[in-house]
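Peer 1: Chains as they are written, first to last, in our numbering: chain A, 1 to 208; chain B, 209 to 416.
Each hint should be verified, as a subset may be incorrect.
Said to hold, decoys possible - Computed cross-link-like contacts, DSSO-like style, restricted to lysine-lysine with a CA-CA straight-line distance of at most 30 Å:
1. B/Lys-327 to A/Lys-113
2. A/Lys-113 to A/Lys-177
3. B/Lys-233 to A/Lys-119
Stated by the list, open to error - Some residues of chain B that are not near chain A, with every Cβ distance over 10 Å (derived):
4. Ile-235
5. Asp-246
6. Gly-247
7. Leu-262
8. Ala-301
9. Ala-397
10. Gln-412
To be verified - Far from chain A, by Cβ distances over 10 Å, these chain B residues were calculated:
11. Ser-210
12. Pro-290
13. His-355
14. Ala-406
Honestly, the hints are just simulated from the structure, not real lab data. Note that the Cβ used here is the ideal one computed from N, Cα and C, for glycine as well.
If you want the building blocks of each chain, they are given just below.
Protein chains: 2
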Amino acid sequence: MSEPLLHGFFRSGASYRVRIALGLKGIAYGNASYSLRDGAQRSPAYLALNPQGLVPALEIDGAVLTQSLAIIEYLDETHDGPRLLPTDPILRAHVRAAAQVIAIDIHPIQNLKVLGWVKALGGDESAWAARVIEEGFAAFDALIAPHAGRFCFGDTVTLADVCLVPQLVNARRFGAKDIPARLLAIEEACLALPAFDAARPENQPDAV
Amino acid sequence: MSEPLLHGFFRSGASYRVRIALGLKGIAYGNASYSLRDGAQRSPAYLALNPQGLVPALEIDGAVLTQSLAIIEYLDETHDGPRLLPTDPILRAHVRAAAQVIAIDIHPIQNLKVLGWVKALGGDESAWAARVIEEGFAAFDALIAPHAGRFCFGDTVTLADVCLVPQLVNARRFGAKDIPARLLAIEEACLALPAFDAARPENQPDAV
Numbered sequence: 001m002s003e004p005l006l007h008g009f010f011r012s013g014a015s016y017r018v019r020i021a022l023g024l025k026g027i028a029y030g031n032a033s034y035s036l037r038d039g040a041q042r043s044p045a046y047l048a049l050n051p052q053g054l055v056p057a058l059e060i061d062g063a064v065l066t067q068s069l070a071i072i073e074y075l076d077e078t079h080d081g082p083r084l085l086p087t088d089p090i091l092r093a094h095v096r097a098a099a100q101v102i103a104i105d106i107h108p109i110q111n112l113k114v115l116g117w118v119k120a121l122g123g124d125e126s127a128w129a130a131r132v133i134e135e136g137f138a139a140f141d142a143l144i145a146p147h148a149g150r151f152c153f154g155d156t157v158t159l160a161d162v163c164l165v166p167q168l169v170n171a172r173r174f175g176a177k178d179i180p181a182r183l184l185a186i187e188e189a190c191l192a193l194p195a196f197d198a199a200r201p202e203n204q205p206d207a208v
Numbered sequence: 209m210s211e212p213l214l215h216g217f218f219r220s221g222a223s224y225r226v227r228i229a230l231g232l233k234g235i236a237y238g239n240a241s242y243s244l245r246d247g248a249q250r251s252p253a254y255l256a257l258n259p260q261g262l263v264p265a266l267e268i269d270g271a272v273l274t275q276s277l278a279i280i281e282y283l284d285e286t287h288d289g290p291r292l293l294p295t296d297p298i299l300r301a302h303v304r305a306a307a308q309v310i311a312i313d314i315h316p317i318q319n320l321k322v323l324g325w326v327k328a329l330g331g332d333e334s335a336w337a338a339r340v341i342e343e344g345f346a347a348f349d350a351l352i353a354p355h356a357g358r359f360c361f362g363d364t365v366t367l368a369d370v371c372l373v374p375q376l377v378n379a380r381r382f383g384a385k386d387i388p389a390r391l392l393a394i395e396e397a398c399l400a401l402p403a404f405d406a407a408r409p410e411n412q413p414d415a416v
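Generate coordinates for the entire structure from the input sequences, incorporating the hints supplied.
Peer 2: Okay, structure coming up:
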């Protein structure tokens, strides 16, 4: 079986999630980089791989997988290493819900495409993104409050942490205010782990 | 154990997904309705239940679960009835990815809150929503093409169908064009099933 190949971009938050998961699972992989600002992810060659024209996509185990959460759950179900979802069904649902607050209710509303549309309407892209992130983080913080320890859910890294850390990069880029202190403390604990540190945008081969 | 209680709204696409899943699993449940246009989901009583102020939330098995996909995976993991995710890990990833094209890349970008922001910028809400849906459906159709049968993945209902059918309601509401014929055929097959039919917005007690 050849080494998995991650089609991504150093600055893509969804690619960052998958890089963290691959690192936590101890899976060596190659990188193919697509500059999103140049539209490289819309090239015919990449569209043949992922008709959605979005990164990331992961070539692994003879398949091309898309959508970062689906990829990460696949890795969690099929590869050794720390479990990113707890075994208790109720707790699994809470972890997935927290991850989805970020992956569904924050990230897609502040991605490059949507911000381009906001700009075309004469809107302030950063203000739009900051508002989405501030409202989303307030909800995320309230949802994890009963569960949080060193990480979002106790003292074990979960899918919620894997989504939180990349979103904090975007929060800073867009000048989001009032980031809950709990989230910053969790970020610090995560980035102290080699898998998170190695996955940081600035540590990627395609970083500019 | 008391009967599960679904906090939702007849017109909410995410609530519709959960209603379908509850029906497919044969789970009887009660309804609590929140008129989204009136902001009922932002009432202090509901925020105490779900700090995100979004429907649906499901009270079940002594917990309050939020986020429709997390709720549905919980039901799939813990309750009898047809499996909404295949057992093969690669296929599970493809089904989740298709569901996420709708739940991540379409639905949140055309929800009531975001459309309100678009309107405030002087944008055309329906044109914005239609564009999101048309682009998303084109990608969804391409992703399921290698797998589709009577339903999105072969001849068995999956999470992808549970997400598709409610999104088609929004597609029509916003005047989306060029809906792939395959998706309309799958919709027809789904709505012939009692669980889908019973979950339709117009068949809810709070429908107006």
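Peer 1: The structure should be examined with respect to each hint, and the outcome stated for every one.
Peer 2: Hints, verified against the model:
no., hint, in the structure
1, B/Lys-327 to A/Lys-113, "holds, 18 Å"
2, A/Lys-113 to A/Lys-177, "holds, 23 Å"
3, B/Lys-233 to A/Lys-119, "violated, 44 Å"
4, Ile-235, "holds, 15 Å"
5, Asp-246, "holds, 19 Å"
6, Gly-247, "holds, 14 Å"
7, Leu-262, "violated, 7 Å"
8, Ala-301, "violated, 4 Å"
9, Ala-397, "holds, 23 Å"
10, Gln-412, "holds, 23 Å"
11, Ser-210, "holds, 16 Å"
12, Pro-290, "holds, 18 Å"
13, His-355, "holds, 12 Å"
14, Ala-406, "holds, 24 Å"
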